Structures are given as C-alpha cells and as structure tokens.
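With chain A's structure known, arrange chains B and C on it following the hints.
Chains as they are written, first to last, in full-length UniProt numbering: chain A, 1 to 338; chain B, 1 to 246; chain C, 1 to 285.
Be careful, since some hints might not be right.
For the chain C half of the interface with chain B, some residues (derived, Cβ under 8 Å), not all of them [unchecked claim]:
#, residue
1, Arg91
2, Ser111
3, Arg115
Computed footprint of chain C on chain B; a stretch qualifies when at least three of its residues, placed anywhere within it, have a C-beta under 8 Å from a C-beta of chain C [claimed, not checked]:
#, segment
4, 90 to 96
5, 146 to 154
6, 168 to 177
Pair by pair, the computed Cβ-Cβ distance ranges are [what the hints assert, rightly or not]:
#, chain 1, residue 1, chain 2, residue 2, range
7, A, Arg50, B, Leu80, 46 to 56 Å
8, B, Ala225, C, Ala16, 47 to 57 Å
9, A, Arg104, B, Trp76, 37 to 47 Å
Everything labelled a hint here was simulated from the structure, so no lab data went into it. Note that the coordinates shown come from a computational prediction; the quantities given were computed from them, not determined experimentally. All C-beta atoms in this analysis are idealised placements derived from N, C-alpha and C, irrespective of residue type, glycine included.
What follows is each chain in one-letter form.
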Amino acid sequence: MLLDIEDLTIELPAGAAARPMLAEVSLRVGRDEVVGLVGESGSGKSTTARAVLRMLPEGARASGSVRVDGEDVLAMDPARLRRHRSRTVSMIFQDPRSALNPVRRIGDFLTDPLTRVLGLSRRDAVAKATELLASVGLSEPERRMRQRPHELSGGMLQRVVIAAALSTDPDLLLADEATSALDATTQAEVLALLRSIQEERRRAGSGLGTLFITHDLPLAAAYCDRVYVMYAGRVVEQQPAHGLFADPKHPYTRGLLECSPSLGDDRAPRPIPGRPPSLSDAFTGCPFLPRCARAEAECETWAPVAVPFGGRGVDGDGSDEGGSAACRLLELVTRSSA
Amino acid sequence: MRTPDRPARARRGGPVRLARGTTSPHPLGTDASGQDLLSRVLYGARSSLLAPLALLALAALLGVTMGTVAAWRGGWVDTLLSRVTDVMYAFPGLLFVVLVIAVFGDGLTTSIIALGLAYAPTIARYTRSLALAERSKPYIDAYRVQGMSGTRICVRHLVPNLAGPIVGYLVVLFGEGLMSLATLSYLGFGAGSPSIDWGLMVQEGQDAVVQGALLPALVPGTAIAAVVVAFNIVGVRVSDRLGKGR
Amino acid sequence: MTEPALVVQGLRKTYALPGGGRTTAVDDVSFSVPAGGSLGIVGESGSGKTTVARILVDLVRPDAGTIAVNGRERTPGWRGGGRLLGPGARRAARLGRAREIQIVFQDPYVSLDPRLTARQCLRTALRLHGRYEGQAAVGRIEELLDQVGLGKREADARPRGLSGGQRQRLAIARALAVEPEVLVLDEAVAALDVSIQAQILRLLADIRRETGVALVFVSHDLAVVRHITDDTLVMRRGRAVETGPTARVLDTPEDRYTRLLLSSVPHDGWDPAETVRLRAELAEL
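Next up, chain A with everything else stripped away, as it sits in the complex (with noise of 0.2 Å):
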C-alpha cells in the first residue's frame, strides 16, 4: 500500500475548537490508482491531505499514523522529512498563481527542484524541463520556460504546476481541488492529462498513486477509482466510485448526490438542510444528525464506526468490491442480516 492512514486524529489545543479536526480517519491510496476524497468545506480534506505531508495546523497534536510506503510520516526526522516532501510526495494547490513567485520565468520554477533535489546540472534541468512542458501538452515549450506566470492562462499554468509536481518522480499525487478553479472544460482537459500520465506510469511499471481532494461527488466518482467521502473530521462513507452513482450508502453521501444537480435527471436539487458544521460545533453521537432526514433518537449516542458492506472487506489493494460507511442503520441491517 502506498499510503495508508491508519485512525489519524488531529486535535487543536484546547479551546481553539469543539471538536478535533480530524477524527480517527483510516485511508488507502495505491499503486497506480486514483482515489477521490470530497467533502464541504470544514469536513477535514485538506487537512488529511497535508498531514501526508506532515504540514499540521499551528499547535496541533496528532495521533495514529500515516505510512508512506511503509514509513510513518508522523516518526520521520527532518532530514528524511525534506526527502519525502521533495521526492515521494507532490502537492497541486488549488490556485496556481499562488504557487508561481509572478516575478521569475516558468523555467526557473521547473529548474529549480531538478538542480536542487535530482542534482542535476543547469543544462540538463532545462532539457528535462521543456520535455515535462512538452508532456503536459503545452505547445512551444521553449518559448514557455522564457515567459512569465502573468502571460499564461490559468489552465496553462496548472499544466506547468503539474508538470513541475511530476519533475521529481513522485510515487504519491495530491491533488488538493487542483481543478477547481478552472473552467470546466479546461478541468476535463487537466484531468484527461492526469490520466494519460498515470497510465504511462503504469505501463513504465513505475506505479502513481493519486489522492484527489474536491467538494465535487459527481466529478469524484467519475474519475476516480475509489472514493472517500469526509464530513466534520470523518470519513463517512468510502466505496469504489462506480458504486457512488448507483448505490450510496451513507445519508450524507446520498444527500450530496441528491443535492448535486446533473444533466441526465430532470429531478429538482434536493437540498441538504441545515449547513456544514464548523470547528465549534461538537457532537455527541452522529455528526450528520442534525441534518439527516433518517436520524433516529438511538443516533444521537451512537459513536461512528465503519461499517463495513459488500465485496471482501477494506483491506485488500483497492481492486476490491467492498466499502465501508459510518452509519448506524447500516450496522443495524449488517447485524440483522448476519
């Protein structure tokens, strides 16, 4: 397993929130496959995907463990966390401005970690470089590397945050709403790239593993291949995607679906009551209660837990049938039919 995030929870010093950021989350990425991770805002998305990085909010104490290829992240020294963070693991941000300094050349930014991290020598870095424009499908790489961030636009320059995320050879992709920001054709454009690498990786033999963080359900499950879906700090539900669209488990999931209008159904929207919960709501029982249009008085003490359904389990390499969800009614049906 590539990256396995095993009941991390983070918790803020006292006082800052209610309730922990993170909340006993379990999370598999493997070789070669993408697994999409969506919530509102709030839920702990990008909170799980920097803690692979080991980035943790200012104060925060964490617990359980995040392997990567084996190795807690969480354990690391410093020297070994600069190589992880340099070499094993790339991060795509949302705004690719944010990520470009306006005033250098975008062949300085791609350079840069390929002088400093592969050790390779100015000349090299600079083929390598216009070889990576070249393979994120910009046209006149040459020309690219001399121009500056305000003369390309932003689907340009997400290609070129890409390409410098994949200079270093990454095992593990994240991906934190990287398409977000982008018009939607643009986005599908990104992400047909992002599969047409992954697919080279695959057949290079040299597996990519992807964690695709977005607020968006309809676009995680179609084109991921596993998907988690996070509210208030949990993981609520996580199944292969294909079983997203046709069988939901989880209210919350459900209801996000539900909610997400789509092209093929001619059904109205429907809301969601109520709004995302915040750092300084705290909950004794289901954090989705409040909003739940199935909630029962039993969930209002009913700790979460995965409930497992269908194919072999959770633990198998990601090819598997099965997933879980955090639902009491799930369990009871579990139980009642076991």
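Here is chains B and C on its own, set in the frame of chain A:
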C-alpha cells in the same frame, strides 16, 4: 484641569527668580520667570493637543474629499487632482507654511490653516488608494444598481467603510502635526507669548540652558516626544485593529 | 403569448487593448426572456457572459444595442440625455431603471456592505426607493427576510457573522427589496458549498414562482442551468452560438461548441479525453 499651581498665579507670584531645579512645591522645577514647569506643561497641553486636532480635522476634510473624488470620478478629475497632489508633495512643507504665514501674518490660526493645507495631499493620496480598492468591490456596484447616486454612495457607504484605516493614519499624523506646530511656535511663527504652548516653552527655556538649567527646555521637549511616540504606537494598533476582521 | 419581460437586441461591446486595437467582448448578442421566464447564459470564462450581465444592469456601457423591459426601452444611464434633466428627474430615472433589473453577484463575501446588518442593508434599499415608510418598512423587511429564509439572529448580524449561504440569501433579499421585473444572477451559486447551492437554487425557483420575476442565470455550470432555466443561450468568444429551450439545447445540441461544453460535465462512465478530442475538432474549423 488640575495643576499643582495655577499658571496665572504662578506668573504673578513672587519676584523674578532664576530657573530653579526640583523642589517639593515644584516637582519639575520652575522656568526663568519662576513659573512652575509641571503646571505650565499640563496647562500647555490644552493648546498643544487641541491645535493639532484642529489641523487634522481641516486636513482630513480636504484630503478625504479630494482622494475620494479622484478615485470615484477617475479620468481627468483624477489626473488633475493627482498633479496638484504631486506638486504639493514635492514642495517642502515647511517652506509652504512659512510662505502662507508670510502672506497672511503669523499666529496660531494661520499656522493651523497652513499646516492643514500642507497635510491634505498626503491624506488625499492615502484615501485615493483605499477608495480605489474599495470601489471595485461588488457591494459598491450593488448600490449603483439599486439606483443610488454617486455622491450618496461615497458619503454614506464608501467613506465610512474606509474610516478604520483613515483614522489609524490620522492618529499617526497627529504626532507629526504636533511636532510641526511646536516647530512653528519654536521658530516664532505660531502661538506667541503670552500663550502657553510646548513649542514656545522650549524656545523660552533655551536661554536657561545656557545658565545650566536643563529642565525648562527638557520638560516641554520630553512632553512633545512622549506624545509623538505614543500616538505612533497607538496609530499603528488602531489601524491594525480596525482594518482586521472584515 | 405574453409580452417578453426582457428584450435585448444587437448588444455589442469592445474594449481598447493596451497595445492598440480593440477586442470584442460581446458581439451582436440578442435574446428575450418571457415574463416569469428563466434564461441561462452559458460559456467558458472569456465568453462574454459576465459582460452581458453587467451591461444589463448598467455597470458596463455597451457600444451598440438596445435593452427593453416590459416593452419600455431602458433609458440610457449616463449616456447623453441625462444632463438635460434636472437632478430630481435624473434621480427618478435612476430609481426607475433600478426597479427594472437587479443583480446578485458571485462572491457573497464581497458583495455586501461589511458595515451594515442584514436589516440595515434592506432598510437602506427600501428607504432609497421610498415605497415603504415607518411601520410598513419594518413589516416589509421582516417579509423579505422571511422570504429568503433568514431568521431573527441573522437579521441583526453583519455579513462577517453570516455563512456564505446566508450572505447569498441576503444579497437576493436586497435585490428583491427593489421589486425588480428581471433578476440577473451572475454565477450566484458558484462560490457556495454543494449542499448550500441546492438550497439557493430551490429558493430562486420559489421566488420566481411567487413573484413572477424573470431570471437571467449566468453560469458556467450546465447541470445547474439544466435545472433552473427554460431557455439557454450558449456564448463563445462574445457571440451567441446556439440558443433554444434548455432541454433541447442540452439534450440534442446542434453546435459543436455546445457539445464541447457538455462533454466536460462529469457523469457515470465519463471520459475527460472526449473534451480534448472535441476541442481539437473545433480548432480545425
């Protein structure tokens, strides 16, 4: 105002004595006329602190109006106002003030008006940059779409939303204004004897320095410095506080 | 067939380029929206759809074209003519135009006056138009707050104390306070969380049914447009490339560009490479 000794009585009291150091009835000593320095510094605070306030009120009225109009109207109005501001900016402030005083005669009122005119361009420039950023926000567009007139948007909504940073800036300028006014009094252009003013006191205390008495110049001088520094610190805090959380 | 609420003809807007020459943002765009109807304007960024929205509410001055609301030609804002009128007549004309078309902007975090509470925000709008005085104004404010689903606590909160969805509700109430005949929504749900987005869409559908206001819904999101509009106008590089009933345009698109836009909407079994292929096809034309 509570002072150890009323300045007028202090003036009348007793024969003319040399400036004296610290004694129990005069904790900061007396000046060359034998007047209690603590009383005079405290009493002088009134005109020394009120005058910069008047100066800033005038400068702010002119500056904020000019800056807002320039930002709102844009085009030739902005260009014209920017040019005027540039000229005023490039012109040495003190020289401008001395010129005004030369034409209209000295005195506290003339100093205040002259300095108010000299400060207005700085405030105008600052306001213009703030107003330009603010007017591009959609809530200003929303007022226009509602059918509100430009004047009303500026007066009722745009300027009030700039109040935080502008007030912070004015607090910092207050110290500077106090310094400028004290300088003018010291040079003999501002408040003249018999009024009590810190700048004037420094000037009057100068002679005593020669005789070895430092306090008559040092006490009002320190008062000026303390107020300037205090207002700088508070000003930065105020603009930070008011600029935050929106 | 009733008279259209909004008729736009031959709208055109060009901008001067820094290096000389001009770029055309909107090129000969015409459309109409029936009373109580709902039109979607879709396209990528740079297609000119937001410029059209801003022209409708007088924030951008078109080079050519006419806009009529309920058969009345919209009096030009600051163009010509205005100077000839006295200040009182100018004010009346301005307020009259405001009651024709209102707008809700994309980002609720900057489209509300940070100084005013929800109640003050609505009072400012009502007072400006002078339709409600004293107790009637208080009653109308409660009615508006209730209409958009804002409660007692929210009524006295400043924007800082409201969530994104609540702010957008307030922005809608502010537009409704003027009682416009046409409401323009410029990407009005794009900045909201998915679950909140659906709440606002439902609110807009309710408002349209209750008040009969005509909606112009500018959006890049075809799925959203599919659910809230009757007709759709597809824009590309300033031009209208396809227009018709929303179901027809989105189910059986005739223009290649519409097909390109549709290919980018994710669904079960979606292949983003399709968009790349269609874009290449379009570039060859």
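Each hint tested on the structure:
1. Arg91: 7 Å, holds
2. Ser111: Hint on Ser111 of chain C: holds, closest Cβ of chain B at ~4 Å, below 8 Å.
3. Arg115: Status holds, d = 6 Å.
4. 90 to 96: The restraint on the segment 90 to 96 of chain B is violated, since only 0 of its residues have a Cβ under 8 Å from chain C and three are required.
5. 146 to 154: holds (count 4)
6. 168 to 177: With 0 residues close enough to chain C, the hint is violated.
7. A:Arg50 <-> B:Leu80: 46 to 56 Å: Holds, at about 52 Å.
8. B:Ala225 <-> C:Ala16: 47 to 57 Å: About 54 Å separates the Cβ atoms of Ala225 of chain B and Ala16 of chain C, which means 47 to 57 Å holds.
9. A:Arg104 <-> B:Trp76: 37 to 47 Å: Holds, at about 38 Å.
The structure shown violates the earlier hints numbered 4, 6.
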